[in-house]
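Enquirer: Letter by letter, the chains look like this.
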Amino acid sequence: MKYNEIVGNIVSIDRQITKKPLDYKQILSKYGKKKFITILGKMIKNRFLDEEIIQLIKEGVAIHQHPTVGQEASQTVAFSLLEKEDYGVPNHRGWGWAIGKGLDLKRMMAELMGKKTGYCRGKGGPYLADRENNLFLRSGIQGSYVSLAAGIALGLKMQQSNNVCLCLFGDGSSNAGYVHEGMNIAATSKLPVIYFCENNLYALFTPYQETTSVADIADRAVGYGIPGYIVDGMDAFAVIEVMTEAIKRARNGEGPTLIESKTYRYEGHTAYDKFSYGGYRSKEEVEEWKKRDPITLFTQRLLEFNLLTSQELESLKEKTREEIKEAVEYATQSAYPEPEDYLEQVYAEKEVFF
Amino acid sequence: MTKEILTFADAIKEGIREEMQRDKRAFLMGEDIHISNCTVTRGLVDQFGKERVRLMPISENGFSAAAVGASVTGMRPIVEIMFGDFILVAADAICNQAAKLRYMSGGQFHTPVTYRMSLCGMGGAGAHHSQSLEALPLHFPGLKVIYPSTPYDAKGLIKSAIRDEDPVVFYEHKLLYPVKGEVPKEDYLVPLGKGIIRREGKDLTLVSYGYMARLSLEVADELAKEENINVEIYDPRSLRPFDYEQLLKSIEKTGKLIIIEEDTKIGGVGAEIAAMVAEEGLFLLEAPIKRIAGKETPAPAGKYGNPFVIPTKEEIKSAIKKLLSKNK
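Chains as they are written, first to last, in our numbering: chain L, 1 to 354; chain R, 1 to 328.
A few of these clues could be false.
[What the hints assert, rightly or not] Quick look at which bits of chain L chain R covers, simulated, 3 or more residues with Cβ under 8 angstroms:
id : segment
1  : 127–137
2  : 144–155
[To be verified] Among the chain R residues that face chain L by a calculated CB cut under 7 angstroms, a handful are:
id : residue
3  : Gly-62
4  : Ser-105
5  : Phe-109
Honestly, the hints are just simulated from the structure, not real lab data. Here a beta-carbon is modelled for each residue, glycine too, at the ideal position from N, C-alpha and C.
Isolated chain L (complex conformation) (with noise of 0.2 angstroms):
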């Protein structure tokens, strides 16, 4: 699909391709004004802190990022409408998925930074995980995570939870064994998770066009008898439509929905990414995405249903400015961890080193 013709839109895929626009009414019946406002704040957050997080690196701060500028209304939006005991299972781009997901920033910037204060005790570094929140380890094995959360999902159907498992991977990813056989035996055992593919275009430095065979990821739905959808990933509106059916589907005990969604990322595969504006795509190709970028959307239509006011959005966005330097001055004077803790947690036991 050309990509103005899913703008705005979601579109299912059912052989037939069937447009569905988008009824605001409907989505804004289904949540509260706070619920939105929340939304938000964690895109606000994600954009923040990526920006806060570019700017360290280039002051020399060890952080291993690959940044999700312009991604906000995908992989931000779908995390913020798991539930707390809702599993989350990451890839490599973030932190859309943790602050989504409800993690606090002081601890993440801790482990970020590799500070004994983090998630991880500072050993997972850009590999965070939260047990509290249910965010299962981020995996640095691209695809890894379609097959890790069909088992979580299985764990959760096999107890006969409520709870759903929200698996997050990219266009690139796409394309690995491992999505396949995850795939499929989530499909064949009706498991209770919802895939969700960001496509933003490129595999680090390669337009996904020429590393995979169809144009829509989405297509591959059928193949694994499972509803598929593609959403417009720059229009936070649709991808909470189309996310608030996948996990609606996935509670009813419906089984799996593979979820496209056509996103952008306005900087570099990570940081370092000296290619990203002239090396494989145009600048005007950026600045073509940028025209519709995700906050200033949801912003604007927030404000156009009488659910933000302007103040709110300035206060908002100080509350987080403000956040974001705590965490910071946090993890910077948070001590690395001791030599000693390096050697722990590798078994339960303490000390199993032959």
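We have chain L already, so just place chain R on it with the hints.
Expert: Relative to the frame of chain L, chain R by itself:
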């Protein structure tokens, strides 16, 4: 204690059955496990149903990772990988995901999964179904690696593995499956990480595990009768953690060490044992360490070729005699 005579395969089955009865969270996943090539899980579906004996697609990496996922929700998956060779297919799930989850998450998540798989180069099934790959998972801190040689140990160890809070790779040698032995009917455990002296002797310490431990035992008995040579046999049972304390005590007594393994020699389990003994107990030794291992080839197809690449009784026997004669 009431005892029964069970095959190695049935001993593992009974261990799994008891643990699944004891703990509702324990369940089986794998390919064809309702019928089970190796017979270990055959029939368990009749007792526990398809919910707890879950058939998996031919996706070893996918379902080995799914087991990690299921375990973090509180389940205790027992995964069968039909042939140990397929650990290479599932290596990411086992070595990257399961092994590292506890450490990377700073202890927030852990993954109590048991990965069972058969090994052996003597069935004649060739290079993709008969390799000995026990050295591979040894290289990953976070994993425990178990390799029993008797029905008693197999049952006690599989029960410990299922109850363990860490991911365990549990190897079963195909030629051991029909071997019979006494197994208690009552609940008992064999702890992970504890070796055993299988046979006492004063002349030489022989380390071996799995089927090779059994073969070595026969060799030792024959040598005692034929040559009046008394070989002490140490079976570590767990390759990681490895119980070196008992091994070093044995070497202190005999002064000589020979290691028998079916796996290839370079970078193998024997190499690790030899290195550890050299580091910790070099001056206990009166002679150089000797390793008898598989030849540096993939496993040949057909049973005819096996004796040319895998240690035989004759090879072990002559190596022992040679090692002892050098020191006379």
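Enquirer: So, for every hint listed, does it hold in this structure?
Expert: For each hint, the structure was consulted:
1. Coverage of the segment 127–137 of chain L by chain R holds in this model, with 6 residues showing a Cβ closer than 8 angstroms to a Cβ of that chain against a need of three.
2. With a cut-off of 8 angstroms between beta carbons, the segment 144–155 of chain L has 10 residues touching chain R; three or more are needed, and the interface restraint holds.
3. With 7 angstroms as the threshold, the beta carbon of Gly-62(R) comes within range of chain L, its nearest partner Cβ sitting at about 3 angstroms, so the hint holds.
4. Among the interface hints, the one on Ser-105(R) holds; its C-beta lies about 4 angstroms from the nearest C-beta in chain L, closer than the 7 angstroms criterion.
5. Against a cut-off of 7 angstroms between C-beta atoms, the interface hint on Phe-109(R) holds, since the closest Cβ of chain L lies about 6 angstroms away.
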